[in-house]
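Quick mapping for you: the protein sequence lines, in order, are chains Y and E.
In terms of this note's numbering, the first sequence opens at residue 2 and continues consecutively.
In terms of this note's numbering, the second sequence opens at residue -14 and continues consecutively.
Please keep in mind that the hints were generated in silico from the structure rather than gathered at the bench.
If you anchor each label on the Cβ, the simulated ranges turn out as follows: (1) I188/Y / P175/E: 41 to 51 Å; (2) S70/Y / L(-4)/E: 20 to 30 Å; (3) M60/E / V47/Y: 51 to 61 Å; (4) V74/Y / R414/E: 56 to 66 Å; (5) F246/Y / L471/E: 51 to 61 Å; (6) L(-4)/E / W201/Y: 41 to 51 Å; (7) L(-4)/E / L62/Y: 28 to 38 Å; (8) K88/E / V91/Y: 54 to 64 Å; (9) E259/Y / E104/E: 18 to 28 Å; (10) S43/Y / R115/E: 22 to 32 Å; (11) L139/Y / L(-4)/E: 21 to 31 Å; (12) V91/Y / K282/E: 45 to 55 Å; (13) R5/Y / L19/E: 42 to 52 Å.
Negatives, chain Y to chain E, calculated, CB over 10 Å: (14) Q9; (15) L18; (16) T65; (17) F79; (18) P104; (19) L142; (20) L146; (21) V169; (22) R182; (23) L204; (24) D206; (25) L216; (26) F246.
Backbone N, C-alpha and C fix where the C-beta goes; we use that ideal spot for every residue, glycine too.
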Amino acid sequence: MFDRRLIQNFDWVLLLLLLLVAGVSILNLYSATYAVREAGGSQIVVKQVYWYLIGFGVFFLMTTFNYFSLERVAYAGFLASVALLLAVLVVGKVSSGSQRWLPLGPVSFQPSELAKIVLVITLAKFFRDKSDIRGYRLRDLWRPLLLTAVPSLLIMKEPDLGTGLLLVIVSFSIILFFRVRLRSLLILMGAALAVSPLVWFGLKDYQQKRILSFLRPEMDPLGAGYHVIQSKIAIGSGLFWGKGFLKGTQTRLHFLPEQHTDFAFSVLAEEWGFAGAVLLLILYLLLVLWGLNIARNSKERFGAVLAVGISALLFWQVVINVGMVTGLLPVVGIPLVLLSYGGSSLVTTMAAMGLLMNISMRRFMFQ
Amino acid sequence: MRRTDFDPVSLEIFYRQLQRATLVVLAVFALLVLRLWFLQIVNGWNYRAQSENNRIHLQDIPPFRGLIFDRHGRMLVDNRPAYDLCLIPEEIQDRRALFARLKRLVGLDPALVKERLREAPRGYPFRPVRVKRGLSRDDLAVIETHRFNLPGVTIRVAPQRVYLYGALAAHVLGYLGEISDKELRSGEYPENRPGDLIGKSGVELRWNRQLNGIRGGAQVEVDAAGRRLRTISRVPPTPGANLYLTLDFRLQRLAERLLEGKRGAVVAMDPRSGEILAMASSPAFDPNRFIKGIDKKSWERMVRGGSFPLQNRATAGQYPPGSVFKIVVAVAALEEGVVTPEEKIVCHGSYTLGNRVYRCWKKWGHGAVDFHRAVVESCDVYFYELGKRLGVDRIARYARMLGLGSKTGLDLGGERPGLIPTTRWKRKRWGTPWQGGETLSTAIGQSFVLATPIQAANLIATIFNGGNLYVPQVTRWLGGGGRGALQEFRPVKRGKAHISPKTLALLREALTGVVNEPRGTGSRARVEGVTVAGKTGTAQVVAMEREKVRGEKEKLPPEFNDHAWFVAAAPAENPLLAVAVLIENGGHGGSAAAPIAGSLMRAFFGSRGPEGAAN
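With the rest of the complex left out, here is chain Y (with noise of 0.2 Å):
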């Protein structure tokens, strides 16, 4: 069955705001790798280029089918997400360090990407089938409590410490947003503060270390503290109006760590400024908000919580990384989602937008 009114509900803000993200995102990228062209650079262009056509195609892919029907296999894709994160950690590619890929073909993918959608949608089965106008109580929070630390705590052995903090932020903001009573929320977070110490000391020196600089990035002079320290210098000499495409001279000198991936963003502020940079913030505000809009215009619990937990998961990704990149937050590499390179990301973002679109286009069936 074809419905006409599928077509008429087509949600052009969301399709208008992605287009321009995308678009910003390829044109920053080319001056990102700019001063690497011949080495290699120019690929990343335009393997970012397929990666944003393959996105595209999972997003309209996402929007062909109900979505409610998601709700039946949430628990059997929550299983399927463990398993993968398993097996990565089993016959996962190292690199850098940590065991984050799974080679598939001549393509690697990072599971732990598809375990943040998976999670959102296995969170909106929850709260959609155990409402409690009076707020939830810690006995009704075993489950949500569970279905995060699992893929977490696993993301965090390979060690991808930023994602898997990811992971409960978002969880926690969703969870808090379905109210949690009052008493309950004090009892969780003075177990939380009773615990952490005994965790912390039972913690090995060096894994004592990592955390230390990962909250403290001068502890970490020629890693984390010399980025921050690059990624400020960079933003800052911007100005308002910046240095202007390909002119931005910590990018040319390569200063800049990771600059077409987690420092994507500082690319973008040294050379558009202050005014490109706010504008890009604004276009990632509107997303959010517009993602708001459309768990208010879902007529049905499933959907709207859904898309309150995408927006969730957009929310913290944009927040944490230019937090990062500012100097704000530890540097914990997360990339900026949608704009810095990257294929599982793009393609899990654009999946998760495509859901976005999918209830936004069926608001009315439940009228």
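Using the hints provided, position chain E relative to the given structure of chain Y.
Quick look at chain E alone, frame taken from chain Y:
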């Protein structure tokens, strides 16, 4: 189609929560914008100034590579400060002028400099590119005086590996070379960067990661000319672990001197533990030559030229063991009961099987010989008969039990397994059935049998330590330096050869006779005051040629000359030292190899024979 509609109350709550969430989102984004305002507008000019002359560089501090000592703590490999001439591409003003000046001042070839700059990773214009390693003192002085005139040139002090005794133990120590792209990508060298020197062979390769240490670095503020103004923060490097070998410096040096001018190998081992006291391979090479970068011509000479100095003949040289293999056949025959020690077999100087005649090395024959005489005089006919009684597969079983035909497991790369043939192997490898005559050749260590000198040393050690097959080792301790406690490498037993004490006793007695009795083939390994036991071996290189021209060997070109073997253990009653000597194309084991083993033993046991006195 309403499935899970909100009830009005919960819908109201949901809207309220959405409003709250919107406020939180707006507030956080406002905070980010505020941060950007602070960085780009409030402090913007400050950062702009820093970016225009990016003054904070990351300086690399390579770690101190671990030192290497012999078993008594004598230092064999050290690090000494050396001065590397580096260029910082971004700071060079006039390339052509600079290249010309460098050529005039220190004779640096401009083409080489260009090549080095081109090879440097792109996109790091402030990273120094090394164009010459280890400047001499004179060159250093010249550069320093003309520094003002050489923008872009910088001198960096780096520890340089020094092999204190040149070629001494070169095959055990190994050499260093610049890390290749492939090695970098392999992920096996997480601590290394392009341009680093890493171990390419020997223990330098085997323990590369431990010796290497962990690199440090510093954030430094520099001025426009690249001079360091101050260090912002610094992470000290962790020096690599020191390595204590099992080698005995004196014995090693003597072994190499005894091999001088010859091609061959010497292995000296403690039969009680498998510790290698000396391991020499000749010709050798000087690892120091690889440090400054070896030129193409010398390299090719090393790799291609006929004598292969880089090969460790002690572990990778596979030779037919000749009569040394009779030790194995003797054990097999007594253990399997195919002969009694008293049975006499008559040797007329040849043995006929089918329509072929197999000769004994003694043209006129040994007459009637029992087990003891046959070993002492190395009678071929006696062992042809034992071989025929045993069959090749039974011989192979004992050979493998005694460690032949497989790698000894020495903690040094590049070892080869040798070969012990069986009927099955022959069918698989050649597709033809085993011939009876081949068994006869096998019994005297010819046909397909191959062994390495270290296997031969291990073989004699096993016979004399009561049947314990040890994994030979060259490393004794690892650690110290900045790495805390020493790690000790204890002897590792690989297996136990189940041989009856009676067989072992008979064989030891016979092997003692080889050196000490009249007509024994190894008399030149005798040492005053110590009972040496041993076995000679003379291995044919090209079987056919030799048979054709038997008796007129002088006419053979040297590469067809026999390989000379000698394996020995002493004192026979309670052995402390096992030795294997191999001289390629050296001729008779008794005359070419046995004296070398004798000299080593004499030095080891401190007695002063005519040759021992010289050392």
